[in-house]
Each structure stands twice: as structure tokens, then as C-alpha cells.
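Sequence lines, in order, name chains C and A.
Residue 124 in UniProt numbering sits at position 124 of the first sequence; the count goes up by one each step and never skips.
Residue 41 in UniProt numbering sits at position 41 of the second sequence; the count goes up by one each step and never skips.
I should point out that these hints are in silico values taken from the structure, not numbers from a laboratory.
If you're wondering where the values come from, they're calculated on a predicted model, not measured in any experiment.
Heads up, none of these hints are tricks.
Below, simulated EDC-like cross-link-like pairs (lysine to aspartate or glutamate); rule was C-alpha separation at most 16 Å, straight line:
(1) C/K38 - A/D56
(2) C/K37 - A/E58
(3) C/K33 - A/D66
(4) C/K33 - A/E58
(5) A/K83 - A/E23
(6) C/K37 - A/D66
(7) C/K38 - A/E58
(8) C/K37 - A/E62
(9) C/K33 - A/E62
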Amino acid sequence: MADQVESMSDAELRTKLAEHGFPVMPITASTRKLLVKKLKMVLDNKGRPLASDNKAENRRSLARYSSGEESDLDNVNKIKDKRGRRATTGGSMLPPSVSKTRRTPSKKSSPARRDSDKGSESEDEKSVIRHEEVETITKRQVTRTFVGNDQDDYETGSDSDVDVDKKTSTPFRSNSRSSDYISSTLPTNDTSTSPKSPLFSRPSLPSTNYTSPMSSSDHLNSIRSRLGLTSTLGDRPSIGNYTSRFSSSTYKPVTSTYQPSTSTVDEVESPYLSNFTRRLSSLKAEPPKQSPFLDRDTTNGSTMIPRRSYITGMARSDIVDYKMVNEKKFLKNNLVSLALVGLVALFFFCLFFMYMVKKNDITSVVDDQNSVIPICHLNIPGNRPGINCVPKEQVSYAKDLLKVIHPELTTRIASYKCGQPGAMPYLTEREILDIARSKADSTDVSQCRTDLNNLQVLLINNPRWGLNVVQLKNLYTKDADFSPISNTDLIVQQRTKGSVAITLTDPSTPLTCLLVNTIYSAGSTIIIVAFITLLAVAAQAFYKFYLNYRKRKNDEIYSLVGQIIDVISQETVDSGEPYISVDHVRDTLISPENREKLASVWDAAVKFIQRNESRVRMEVQSVDGEDSRVWRWISSNSPKRSAAWQGQAFETQEGSVNNLTVSPTPCLKIRHMFDKNDANPNLRTIIQDVILEKCGDRCNILHIEIERSSCCVYVKCANPSDAGVVYRSLHGWWYEGRLITVKYLRLERYMQRFPNSPSIGPYLKMSRPQRSWDE
Amino acid sequence: MSSTSQKHRNFVAEPMGEKPVTELAGVGEVLGKRLETGGFDKAYVVLGQFLVLKKDKELFQEWMKDACSANSKQSADCYQCLKDWCDEFL
Chain C
1 MADQVESMSD AELRTKLAEH GFPVMPITAS TRKLLVKKLK MVLDNKGRPL
51 ASDNKAENRR SLARYSSGEE SDLDNVNKIK DKRGRRATTG GSMLPPSVSK
101 TRRTPSKKSS PARRDSDKGS ESEDEKSVIR HEEVETITKR QVTRTFVGND
151 QDDYETGSDS DVDVDKKTST PFRSNSRSSD YISSTLPTND TSTSPKSPLF
201 SRPSLPSTNY TSPMSSSDHL NSIRSRLGLT STLGDRPSIG NYTSRFSSST
251 YKPVTSTYQP STSTVDEVES PYLSNFTRRL SSLKAEPPKQ SPFLDRDTTN
301 GSTMIPRRSY ITGMARSDIV DYKMVNEKKF LKNNLVSLAL VGLVALFFFC
351 LFFMYMVKKN DITSVVDDQN SVIPICHLNI PGNRPGINCV PKEQVSYAKD
401 LLKVIHPELT TRIASYKCGQ PGAMPYLTER EILDIARSKA DSTDVSQCRT
451 DLNNLQVLLI NNPRWGLNVV QLKNLYTKDA DFSPISNTDL IVQQRTKGSV
501 AITLTDPSTP LTCLLVNTIY SAGSTIIIVA FITLLAVAAQ AFYKFYLNYR
551 KRKNDEIYSL VGQIIDVISQ ETVDSGEPYI SVDHVRDTLI SPENREKLAS
601 VWDAAVKFIQ RNESRVRMEV QSVDGEDSRV WRWISSNSPK RSAAWQGQAF
651 ETQEGSVNNL TVSPTPCLKI RHMFDKNDAN PNLRTIIQDV ILEKCGDRCN
701 ILHIEIERSS CCVYVKCANP SDAGVVYRSL HGWWYEGRLI TVKYLRLERY
751 MQRFPNSPSI GPYLKMSRPQ RSWDE
Chain A
1 MSSTSQKHRN FVAEPMGEKP VTELAGVGEV LGKRLETGGF DKAYVVLGQF
51 LVLKKDKELF QEWMKDACSA NSKQSADCYQ CLKDWCDEFL
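So here's chain C without its partners, still in its complex pose (with noise of 0.2 Å):
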């Protein structure tokens, strides 16, 4: 067989590849070797024996290949006839199985757990597109229909047929009781799911498990056993074993015992279940309500929960079961505190009742034998009727008096203490009298003015009573300030002022005021708590988001910062100048559009980096002829910058007010290019070397020399325009932290000193090779 794959055309293979799930590509000399080699390898797989392995290495190739089975069903149609004689030549053509077993089994049995489904799917697709070409037989259809088999299998016993099953069931038994009702009045969707998980569970399901007293269930399971084994049956022998299980002691105790918990449930569930039971009786044909009933035993903690897991097979929905098992038992548990508090508060509720019945009942308090009554007798001197004594015939009408001003002092105190505006807490003697006339007709004033005189008497020797004689402050204002009044002589001098009156002594607000008045002030109390609160929260909020745009803000500032300085380097590293303009590197960094709106974080990144990156330093360049502020990259791993220029101090360019427009001379002096006591043996060396790296390929220069003395350096050029060249790149430049200037040098002068100086080349040259500037 390999020798026919090699010995294949192009067109060939390629279209064997393509019938194999291979992308169809050009077959080339450099390609053809392997693809050959991958057709041997897929055809070799092939020929093998339907072992598992063997089969899940087909399915994995196929799922891999899966993009190009669209193009594979293509060409199929195009070249049927060619196919049908390939296949079965491949198909005559089975390889020994045991010879061809190369890879491990080990390895290829993880991929076909985890492609199998996807496989099974692909192949399901095919296998119904492959039906119309039934007549060849290629060795493909044969492990199909070992998958098929394999789909047989998973149907029937597989876990994930279980997970779908539980998924269709659970909610009939974790549903409400309502829609367990409601399953009840549609049968048929309960049996379609019943008689299946018996069906599953049956090999685990012998019934000898039960040893259950509850003998009517064990027959249920039995019958539910028999009903899994002989499913045609369907539900018509499971029906009166339903039925006498529902009617038999189980259900209807657990229900009893479970309604008194609460009286809400109870009234809630008895309309349902007064239905229930009717159909009970009446319609004994429907098996369905087998599994909400179920779940209400188990409800009740009963020990039907393991069993009915048994029964269906299905241990998850158990969780749900128990969760409702738990809010049930919590209330039935809790039962007798919950009546307990219940009774407190009605107690307490009684006596509140009672308190405020008997604070209003005066006339209880007035016929009381207690009562200090001072009756008028006339054998006493002192005693004056109703000063402060009262004629004993008389003692009833003042009572009644008071008896009939009672209920209107009431209600008055009442809308005075609930705000109502123009009331007042107290009832004068004008309207005393106002109302004792209205309200009996017949009396004449005389009568009623003796009457309240002999109460007001009472009263002051009665201060239990409850009632208060009081002498108002101010008259004619809408100020209820008054004073009470102890003394029976106090009473005569402001009777002719008219501003005596009665008034509650402990006037009780109504409930209705109460409440309103206490709601107003808790309002209040609460308005301003929670403005505080919410001032507080807010303040909080906004700290916290202070802090967080603050974050933010660093957060942005900094990445920025690594950016820019990433920029800075690697473009000083690129382009070879060591600094880089501020605002290029803006512009690299921040796109047009965003660049106005990170304007802020860009000055804060720049004043981060001019503080506190030390790599980096900015300063003034002309770039193309235009100062600007840039970056100099100063990296750490730059030797250059130990002993080298540092920058200009000001400008020596054409036209700058320190440029010679004419070089006099071809000899230089040059101050503070070193200290004192530099002691640096090749300090001339060094110097030499700095300044012909400065200037040095610009210039020729015949002599270097230095001075330790005067610090001074002198310089030799070829011609006086050299000595320009040197001056301007030399001249207020920072070198090692020393500004040098220079100055020219008359040649006799320099000649004086250095009578050995050159005047014809050779021309110096540096001591070492010159650096670049981006080491």
C-alpha cells in the first residue's frame, strides 16, 4: 500500500488527502515527501482493526480536521467513481491489525474521552449524507457504525442520559406545591418522565433493600420495580397502589402534623387539598401525583428521602428536597417561640388597651368613696358654699358638671397637644357655662355659675381627680401659660378677673397625635441623620474616588514615564544622537486625537521625569536649527559620560555674540579643562584624546600640550580657520562640570613656550578608536 501512495499521481493524493479531512493544498516537490508521508501515516491508522484506541484516534483526526470536511462532502460528489474503486481497494487491502499497533494505546485514549463527543456529533451529521451512497463500502462507514454502537451504548446506559433525565425531572420535585398541582391535572407529562427512571436505576434497585416498617411503601417500590421491568404495562397497575398509598395512613398524618404549624399554610394549602382529596376519591386514575407527594413526605424529614433517591435514581435532586425540608422544619420548630412572642405582644397590647380605657373613665374616679368632699356646715363659721365648701345637696350637680365638661376638656387637651391652631388646653368659666346651658336647657345661669363654683371647690380638694384649677397668666394672648391654683381663697380674686379655668393635671395625648407627633420628631431626627449619613457617605465616596482617580492618575503618569523613557532610549539608541526632542517623543507616544486631553498627564510625566529619573536629562538643543527641549539619554552603561562634554553653556554658532567672525590665529589656549590636582599622569593623553573627539575630524591639529600649573591647555592647528573649528566646538562647553572657555593665542607667544611644537603634520591623532555615540 505505500509503495501505491508513492507511486501516486498529484492529483491523486491530493485528492486522497482531501477525501481523508486534509486541507487541500498544492502538491510541490518540497511538499509532496510529506504529504505522502501523512496519507501512509492516516491510511495506516485506517487499516487497523476497530480497537477502541484505534477508533478514537480516527475520531480525534476527524475533529481536528473538522474545517475541512465541508470541502471533503465537495468532492465527493465530483468524483464518486473514483472513490468507489479506491475504497474498495482499500477496503481489500486491511493491513494485519497487531503489526501496525505503533502508537500507544495510553496516549490516544485521553483524546478520544474528550473528542468523543464531538466526533459522535460530526459523524452523526455524515453518517446521514453517506446513506444515499450506501454501495461503497469504505472503511470509514465501518467505524461509524462502531460509533454508532457506541451511541446505543451511551443511550442506554451512559451518565450523561441520567444528568438529561434529572435535568427534565428535577423540576417536578423541587417545584412549588402549586405546580405540583398543577402536574397533577396534566398526567401526561409526569408518565412520560416516570416510567424511564425506574428504567435506569432497576439494576440497583432490588427491593429486598427495604426493610422499612412502612410496608406500604416497600409495596410501592416493588410495583414501581415491576412497572420499570414491564413498561408497556404503563401506569394502570401502579394506579391503586398509588392510591391506597395515598390513602393509607402515610399521607394524610404527615399532612396533619405538618398544617397546625402555621396557620397561614394552612389556610393556603386547605383549599388545595380539599381538592386533592376529592379527586382522590372520585378520580382514583391518576398515578402522576406520585412524586409531588413523595417530596412532601420527604418534607416532613421522614426517612422516605433515601429511599425515593433509590426508587428514581437521582441523587441531586435530594438538595433541593432538603432545602425545603429545612425552611418547613425551621418553621416548624420554631413554632412555640414565635406563639410565645405572640402572646407577649398581645398582652402587653391588652394592658396598653385597658390603660387607656381606664384613663378616660371620670366618672369612676368621681363617685369614688375616697373622694375629700367638704360639705358645708353651717354651725361652722368659716365655711362659705362654694369658696371652700360645697352644700352637701349640691354635690351631685357639680359632679354632673364635671361629668359633662370631662369628655370636652378631653377632646380640647386632645387637639391642643396634636397642634391644632386656636385650641387651648383648658376650658374657662365662660365656656364652662357655655356648655353646662347647652347642655342642659333648662338650668339657668345662676344654677350653672353655683355649680362650677362648688366644682372648682372639689377639685382643689381633689387633686386626685386628675383635673386642676389654674389661674391664667395672660389673658387675651394665644399663650396657654397658667398656674395652678391650690388654694381655695386664691380663687375668689381671680373669679372676678374671669381668668380662672380647669385643665388636666397629666393630660394624655391621643394615640393618633401620638404617633403623628412622634413620627414628626423621629423624622426630623431621621431627615437630619441621614442628611449627615449621607454627607458622610458622600464624602467618603468621594475620597475614595479622590484616591482612585488619584491611582488612576499616578497609574497613567507612570506607565507614561516608562514609555517616554523606553522611547528615549531606544530611539537614542537608533538614530544615534543621544537626545531625542520632547515633544518627537510626545508624538510618538500619544495619537493626535488624545493628545489635548493627556496634555495634564504629559506635563506631570515630563515633571517626573526632569525630578526623578537621573538616566535622563533635559535640555536645550538646536534641532534643525530651532531650540527646542529635549531628552539627553544618559544610560548608566555609557562611559562616555564620566569624562566627556556635558552640553553648551551658550551659543558659539555663526552670528553668536561669543563667534569670532575671523580666527586670528592658529593657536588656542584653553582654561579649566582639568583641576589643580589632577594628578592623572596621562592627563594629557586623556585631554588630547576628549578634544580630538570633540573636533577632531573637522580640524586638524599639530599639538596638544598642557599646563598643570595655570590649568591651561594649548592647542596647535594647522591654519587659523582650524583653530575656528576648535574654538566654536570648544568654547562654553561643560566639560566634567567645568565650563572652558578659549582663547586665542598669538603664534610668537605660543612658539615662546612650546619652541618644539610642530608646524607640518603629521596631524594628531586620537589614542583610541573614536566611540559612537550609542555605546
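Following the hints, position chain A against chain C.
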């Protein structure tokens, strides 16, 4: 692939132009020499092969193994390098 090599980044950063085959990530001097003897002297020739194999990782790695006996790390690097380049420039 958590991080890529400097060589990878260098290659992916710009059009390959006339770069030699050794510029490819995963292809060192030894592999480069082998590839050159096989006629793949420039990176773009390898790219051609890569494209002919339809950017298929498995096939490309197999080819690398055949053509220059590259190990899986080298071929994976080379594959990733070419793939990233194609994503960038193709």
C-alpha cells in the same frame, strides 16, 4: 507562548526583505546551513513553503523536521515567527 525571543521580535518587527534564513526564530546556524543546502537560503523561501502548507502548524513542523531535522521547539518557534509575521504584514 508567554514571551517571545528577541530574534522573534526582530523578525516580526519589519518586512523580511532579503533576510537570510538564519534570521528566522528557531533557525540557528546549523539549521540555517541545512536549509540552505536544501535550497531554502532566504527567509522568504521558507515563508513560501509555510504558505504552501497553508499555515498548517502540524504540517509545517513536520516539514521542518524533514528538511533540516529541527526539533519541535525550533520548528514551533519558526512556525510562530512566520505566523506572526504573516499576521502583521500579509
